[in-house]
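Q: In case you want the letters, here they are:
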Amino acid sequence: MNTAPPVPHPSAAPQAAAHPAPILSARALMRTYGSAETATRALDGVDLDIARADSLAVMGPSGCGKTTLLHVLAGILAPTSGTVHLDGRDLATLGEKRRTLLRRSDFGFVFQDGQLLPELTALENVILPRMLGGTSRRAATAEARSWLDRLGLSGMHDRRPTQLSGGQAQRVAVARALAGRPSVVFADEPTGALDQETGQSVLRTLVDSCTETGASLVMVTHDAKVAAACRRTVAMRDGRIAREYVRPEAQQGSGVAR
Amino acid sequence: MNALLAAAPLLLRRRGALADVLPVIAFAAATAITATVLGGAAAFVGRLPDGSATAHSGEASIIPFLVTCAMVASVLLIPSAVGLGGSAARLSLARREQDLAAIRLVGGTAGQVGAVAVLDVAAQALLGGLLGVVLHLLATPPLTALDFGIAPFTTADLLMPWWAYPLLVLGMVLLAAGSAAVSLLGVVLSPLGVARNSRTVRMSVMRLVIWAGLVVVFLVFAQFGSMLLGQIADGMVFMAVMILFIGAVVAAVNLVGPYLVWAVALLAARMAPTPALLVGARRLASDPKAGWRAVSGITFALVIAGFLTVLALLTRGDGFRGEEDLMMATALSTGGLLTLGIAAVLAAVSTGVTQTARVIDQAPLLRAQHVAGTQVGQLHRARIAEITLPVLLSSVLATFTALLVVMAVLGAAPQDPMVAIQYLASVLGAYALVIAAVLVGSPLVRRYALRGA
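Chains A and B supply the protein sequences, listed in that same order. Our numbering runs 676 ahead of the 1-based position in the first sequence. Our numbering runs 60 ahead of the 1-based position in the second sequence.
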């Protein structure tokens, strides 16, 4: 085991007391790209627990393995070795098809550039994953309208992504991620393409929405102010968790303008 | 400028073998088909009897009619082949937009970048054109084995004169450069990236009005034109105008096709009960011209299949008993099948190339959709839904056009149920061809969706 032991903040409440049951649990995660002489170890023995309704920021310099960690936790990439358990199910034992279904039913995703389908309207972008999961268009539409209104996008349901500002498009991505009531939302630099003010607003929307729905949030960022919106922060270096920081309740979200 | 042009090959990154090969394949197919069709038409013209003779029998008596048929086939096929060349130019340019933005970043002016882009497309057209000529030279000797019911053609008969080949390749290069230059007008290449002049697509209803007007004028001319022009030059002027009208009516399906695709796709997107239909219909509604381009080749093939079916059945009728009639029947049957075969190749290349290019363009979104839980099978179904709608519209429009022309020429619709059965077989064949062309891109969809997994 190469992972550095977590270093709780002195003033932090013990994690187990506040969030007793981890929904996502990773043990001894290794992930290597390439082979032989060209092999690069992106994850080098990572242990991590994410509790229900908790928020975790993964920080670190470029190439430290934070995006790889997010992809492995979300079942997008298979680890070279180690395990990832979601609610007791080992993702590594699931085939590609089952992992895809799991991502659809249990996870939500917010990417840096939104990755909205450009031809679809805002509303259709939100209903699409629900329809893929078997929900009828009528039911999915009702849910999606409610989410878009809740995120301040009423009157913009029929706009295409190109007709929205960067912040509005990212709110649509947040609505899309949360409409399926996922247990975990993965966000990869969700405010990376936005100006500071818009980024803060989107971040607040993301964190508040996850809190309201009881979804856990795992967010990759290089920005300490963005990370401050989460209860916990792990700092990665060379594929390992080098440091962990748990924010006291009073300071949570202090980096987020309200 | 010279320095920039010298640096252009370094800046224009190769995006992977397939993306670069697709436009070259399209240019090669367009050149090969144009050369083969022109060579064949010229071979029939070369058999025209000497004008000094007054009466002809045997082969000489049917050659003028066969020349007319060859002209009709040329009028139908060459615009499609030229259209494929234009599509290839747009395809090549789309692959390069990010590279062109990079050239702007390192100091190229908009004019310099435009020149580099057009030259890049022209270079691919030159390569494709040369390959097309080679393909044509290789394909011509086997074509001499075809039985047209008249004295067999030699390879020399079916080849164009030597000077026509450089002109053809030059024409293809100029067509590609022109198409690329026109396409560039709709793109803003800034140093920070590419901005397409995108707006919500609206197709004008004028497309429908112009098409309907053309159909009406054609029907009126078919009915009364011979009274006006029938006496001039033994009816040759009337014949020539009819051929031009047939070409225009068939070409006009490309005018009304995108409008119908747009209108039907909008309706389908609003009501789509499945995610595949929703995505497919929205993609079509946002770029109906591209959606139609994918099936325009197959539409021409179906129109030709319609003509062929009626002609083949006519020549089996009781009136076809004499030696000339049998020669005519053989010529029409072989010529029709050859035309249909060329149209099918054109359609397959056109659909395969445009669909594969679309997959390459959508690679990042395919990956993102899969990451978010869309199964690879669902991605495939969305692509099938995207092509099914234009294919259905294409078959309806092609059937209408073929029936229209046949009725205008013959004065009545064919009554034989065999016409319907044979035509239905052609439609099913067309569907199979398009679906196969879409499936060619399926391994790429899977590869992009699962990339890095």
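Since the hints were derived computationally from the structure, they do not count as laboratory data. One thing to keep in mind: the hints can contain errors.
Unchecked claim - Footprint (simulated), chain B over chain A, 3 or more residues, beta carbon under 8 Å: (1) 766-777; (2) 805-811.
Unchecked claim - Per label pair, the in silico range of CB-to-CB distance: (3) B:Arg506 x A:Lys901: 38 to 44 Å; (4) B:Ser264 x A:Gly831: 54 to 60 Å; (5) A:Gly810 x B:Ala170: 47 to 53 Å; (6) A:Asp825 x B:Val280: 37 to 43 Å; (7) B:Leu484 x A:Glu888: 16 to 22 Å; (8) A:Arg826 x B:Arg507: 34 to 40 Å; (9) A:Ser841 x B:Ala492: 42 to 48 Å; (10) A:Ser841 x B:Gly171: 39 to 45 Å; (11) B:Leu484 x A:Gly810: 31 to 37 Å.
Unchecked claim - Residues from chain B that keep clear of chain A, each with C-beta distances beyond 12 Å, as calculated: (12) Arg107; (13) Thr169; (14) Leu206; (15) Thr214; (16) Ala241; (17) Val265; (18) Leu344; (19) Val405; (20) Leu425; (21) Val431; (22) Val436.
Here the structure is a predicted model, which is why all the values come from computation and not from measurement. Think of the CB as a built atom: it goes at the ideal place given N, C-alpha and C, for glycine as much as any other residue.
Q: Look at each hint and say if it fits the structure.
A: Verification of the hints:
1. Closer than 8 Å: that is the beta-carbon criterion, and the stretch 766-777 of chain A has 4 residues meeting it against chain B, so the requirement of 3 holds.
2. Counting residues of the stretch 805-811 of chain A whose beta-carbon sits less than 8 Å from any beta-carbon of chain B gives 4, enough to reach three: the coverage restraint holds.
3. For arginine 506 (chain B) and lysine 901 (chain A), the Cβ-Cβ distance of about 40 Å falls inside the hinted range of 38 to 44 Å, so the restraint holds.
4. Checked against the hint of 54 to 60 Å, the pair serine 264 (chain B) and glycine 831 (chain A) fails, with Cβ atoms roughly 28 Å apart.
5. Under the hint 47 to 53 Å, the C-beta atoms of glycine 810 (chain A) and alanine 170 (chain B), about 50 Å apart, fit the expected range.
6. Distance hint check: the CB atoms of aspartate 825 (chain A) and valine 280 (chain B) are about 57 Å apart, inconsistent with the given range 37 to 43 Å.
7. Between leucine 484 (chain B) and glutamate 888 (chain A), the C-beta spacing of about 58 Å breaks the proposed range 16 to 22 Å.
8. Between arginine 826 (chain A) and arginine 507 (chain B) the CB atoms are about 38 Å apart, so this pair conforms to the stated range of 34 to 40 Å.
9. In this structure the hint that serine 841 (chain A) and alanine 492 (chain B) lie 42 to 48 Å apart at CB holds, the actual value being about 46 Å.
10. For serine 841 (chain A) and glycine 171 (chain B), the hinted distance range of 39 to 45 Å is not satisfied, since their beta carbons lie about 32 Å from each other.
11. The hint said 31 to 37 Å for the Cβ distance between leucine 484 (chain B) and glycine 810 (chain A), and at roughly 36 Å that hint holds.
12. At roughly 53 Å from the closest C-beta of chain A, the C-beta of arginine 107 (chain B) stays outside 12 Å, upholding its exclusion from the interface.
13. The Cβ of threonine 169 (chain B) lies farther than 12 Å from every Cβ of chain A, with a closest approach of about 27 Å, so its non-interface assignment holds.
14. Chain A leaves leucine 206 (chain B) outside its interface by the beta-carbon criterion, the shortest separation being 45 Å against a cut-off of 12 Å.
15. Against chain A, the non-interface label of threonine 214 (chain B) holds: every CB pair exceeds 12 Å, the least being about 53 Å.
16. The beta carbon of alanine 241 (chain B) sits about 25 Å from the closest Cβ of chain A, which is more than 12 Å, so the claim that it is off the interface holds.
17. For valine 265 (chain B), the shortest C-beta to C-beta distance to chain A comes to about 22 Å, beyond the 12 Å cut-off, and the non-interface label holds.
18. The claim that leucine 344 (chain B) lies off the interface is violated: its Cβ sits roughly 9 Å from the closest Cβ of chain A, which falls inside the 12 Å cut-off.
19. Every C-beta of chain A lies more than 12 Å from that of valine 405 (chain B), the closest at about 31 Å, which supports listing it as non-interface.
20. A Cβ of chain A approaches the Cβ of leucine 425 (chain B) within 12 Å, the least distance being about 6 Å, so the stated non-interface status is violated.
21. Under the 12 Å C-beta cut-off, the non-interface status given to valine 431 (chain B) relative to chain A is violated; the minimum distance is some 5 Å.
22. A beta-carbon of chain A comes within 12 Å of the beta-carbon of valine 436 (chain B); the shortest separation is about 8 Å.
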